[in-house]
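A.B. asks: What follows is each chain in one-letter form.
Protein chains: 2
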Amino acid sequence: MGHGGGGRLMRELITELVVPKLGHQKNVLHDAALLYTPGPQLAFSTDSYVVRPLFFPGGDIGRLAVYGSVNDLAMAGARPLALSLSLIIEEGLEVDCLARVIDSVGEACRGIGVEVITGDTKVVERGKGDGLFINSTAIGVVEHPLNISPSAIRPGDAVIVSGDLGRHGLAVLSARAELGLRSPIESDLACLLEPVMELLAAGVELHCLRDLTRGGLASASDEIARSGQCTLQLEQQRIPVHPSVNAACEVLGLDPIAMANEGRMLVICPAEQVGLALTVLRRYQPEAARVGKVGERWADGSSLDVRYPVSLISELGVNCPVVLAEGEQIPRIC
Amino acid sequence: MGHGGGGRLMRELITELVVPKLGHQKNVLHDAALLYTPGPQLAFSTDSYVVRPLFFPGGDIGRLAVYGSVNDLAMAGARPLALSLSLIIEEGLEVDCLARVIDSVGEACRGIGVEVITGDTKVVERGKGDGLFINSTAIGVVEHPLNISPSAIRPGDAVIVSGDLGRHGLAVLSARAELGLRSPIESDLACLLEPVMELLAAGVELHCLRDLTRGGLASASDEIARSGQCTLQLEQQRIPVHPSVNAACEVLGLDPIAMANEGRMLVICPAEQVGLALTVLRRYQPEAARVGKVGERWADGSSLDVRYPVSLISELGVNCPVVLAEGEQIPRIC
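Keeping their order, the protein sequence lines are chains A and B. Here the first sequence is numbered in this note's numbering, starting from 2 and rising by one per residue. Here the second sequence is numbered in this note's numbering, starting from 2 and rising by one per residue.
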């Protein structure tokens, strides 16, 4: 508890453990950090991470906190300028464990070329937290002229996913319980900034991007369809899911399209640019695929069933509504 | 737990409870929110709030989260452009309680003229959190030419506090335990943006600003002295502390200068501008006072005792080093 009080112990924790691992931020101990933006249009995104356990196959909460918030910016086509990092530590967390997480944050930041420039540390009593919660918030700059948002989707647009689905949820689950999986499934945790920047550089007219985190493809499609006031039609057999993920989901009664991912996104662009977009995306994930299209636009008083704006054509050709689950199939995956 | 999963329950929680209370943020459901900055120099600050209890005399965690992060920006002389708000909710928190906190966030934002434009909600199992933790992160713009930082302090500068000290820590403590105080002490929780903007407008050449949160005046002075490589000399009898705060601290064995505040700041400016600065500050808090001065600058190999760069001249004229406590006297006050 002493490390959370703003006294000598906290100063030592921050100056000896956190700052050296994150680089040379001169401003990091000051209340607010200063930075310059090269352009006036900013993007801003926040996420708190409560993933359990802190380390899972293919990643950990530190890397997740960096990629997660940078991915949110990338979904607006924004390049990150700076990150903040705020730790809520439960009393009793091993300093060594914290050090590993901070190492991971630093490594992820260096990989992207972004810095944590401001931070905060709080400590709560044993039993009032769960090891470690992290908030990371990102500022980015938007340097393209596009309107990348659900409001830009148009009937006929192609719906693409950037890789195979369902890995992250299963990886976290397998870290919690002995699932007896024959081959361990690693999280798909990845930074989506570079593929997005490449899509923009290649001239793909991006209409909408969405990372497929909590609620997976099902939740993201539903949200975009509602905001964009269009239906979305997905085709089951085009949705890439690794056989081992599929098998595990079947046994566990989970639905891969509603499973969380941390390195996959939905890309909606004009149908005529599918080839170009897939060429770019497959450099990062060979499984990237067109999985459906934007259907009709609904008007006020429309006869469309707007309770279920997303439909899934099954492998047998049956058209089923995608019913959004009440919550995530697996809690605390991010 | 269902409300944390990214499914229908979460969408309902956010669209029905959170968004209406915070205004008309069209972007709030999208991954990243967009905004424009009127200038290229930005300030960025983050804080997680774990105050216990959530409601205390004179404030609550919602108002604290808004003022706390805006105050951090104000300490760089920055005007807030936007806030993010991230909630970590413990399963079982009353929806009504959450609604009151969000109301308070909305009210505080409207008072300042700033908006929450992006957010996040996570839910953790009962016993893995403590009701509610909030992270708020703020982006601001710096529109003055000053270097407001410890590196700008100079020997002879005046050290001012903007009001009486110690209220917040005691208010939180009294909300936890029946202290039997004759008159209830309210937190000093307040937004410091306006007084800072007024100081700048009045032409006060601000060298350093620091809000006196965790660790209070003692911790803030110590940090500034170390960063600014100068000693600081405080005079006990000039430090404003309300008699009831003083009395309570004496009984409880607490030190008012190390107590947390949430609406008080240290202002360091040229000695010849003390009158001007106090005229501005006393419009907000009549107790604002000059409490000391910046002493000598220390050089490498200096004979100064840099273990204790801050000294306090007691009411009897004795010069004592200010020894920074290991931690906060009262945990979880913010």
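A portion of the hints provided could be inaccurate.
The list makes no distinction among identical chains, and a pair is therefore deemed to hold if it is satisfied within one copy or across any two copies.
[To be verified] Listed below are the simulated DMTMM-like cross-link pairs for lysine to aspartate or glutamate, each with C-alpha atoms no more than 20 Å apart in a straight line:
| hint | residue 1 | residue 2 |
| --- | --- | --- |
| 1 | Lys22 | Glu251 |
| 2 | Lys129 | Glu195 |
| 3 | Lys22 | Asp97 |
| 4 | Lys22 | Glu236 |
| 5 | Lys294 | Glu199 |
| 6 | Lys22 | Glu288 |
| 7 | Lys129 | Glu92 |
| 8 | Lys294 | Glu195 |
| 9 | Lys22 | Glu144 |
| 10 | Lys294 | Glu187 |
These aren't lab readings, by the way, just hints derived from the structure by calculation. A quick note: this is a predicted structure, and the numbers were derived from the prediction, not measured.
A.B. asks: Confirm or reject each hint.
C.D. replies: Taking the hints in turn, this is what the structure says about them:
Taking CA atoms no more than 20 Å apart as the test, Lys22 paired with Glu251 passes in neither setting, with 42 Å inside one copy and 42 Å between copies. Taking the closest pair of Cα atoms, Lys129 and Glu195 never come within 20 Å of each other, the shortest separation being 38 Å inside a single copy and 36 Å across copies. For a Cα distance limit of 20 Å, the shortest separation of Lys22 from Asp97 inside one copy, 13 Å, qualifies, whereas the shortest one across copies, 41 Å, does not. In this assembly of identical chains, the alpha carbons of Lys22 and Glu236 never lie at most 20 Å apart, being 45 Å within a copy and 39 Å across copies at closest.
Taking the shortest alpha-carbon separations for Lys294 and Glu199, neither the intra-copy value of 22 Å nor the inter-copy value of 55 Å comes in at or below 20 Å. For the homomeric pair Lys22 and Glu288, neither the shortest alpha-carbon distance inside one copy (35 Å) nor that between copies (42 Å) is at most 20 Å. Taking the shortest Cα distances, Lys129 and Glu92 sit within 20 Å of each other both inside one copy (9 Å) and across copies (12 Å). Within a single copy, Lys294 and Glu195 get their C-alpha atoms no closer than 24 Å, and across copies no closer than 51 Å, so neither meets the 20 Å cut-off.
Proximity of Lys22 to Glu144 under the C-alpha cut-off of 20 Å is found in neither arrangement, the shortest distances being 30 Å within a copy and 32 Å between copies. Proximity of Lys294 to Glu187 under the C-alpha cut-off of 20 Å is found in neither arrangement, the shortest distances being 29 Å within a copy and 58 Å between copies.
Violated hints for the displayed structure, listed by number in ascending order: 1, 2, 4, 5, 6, 8, 9, 10.
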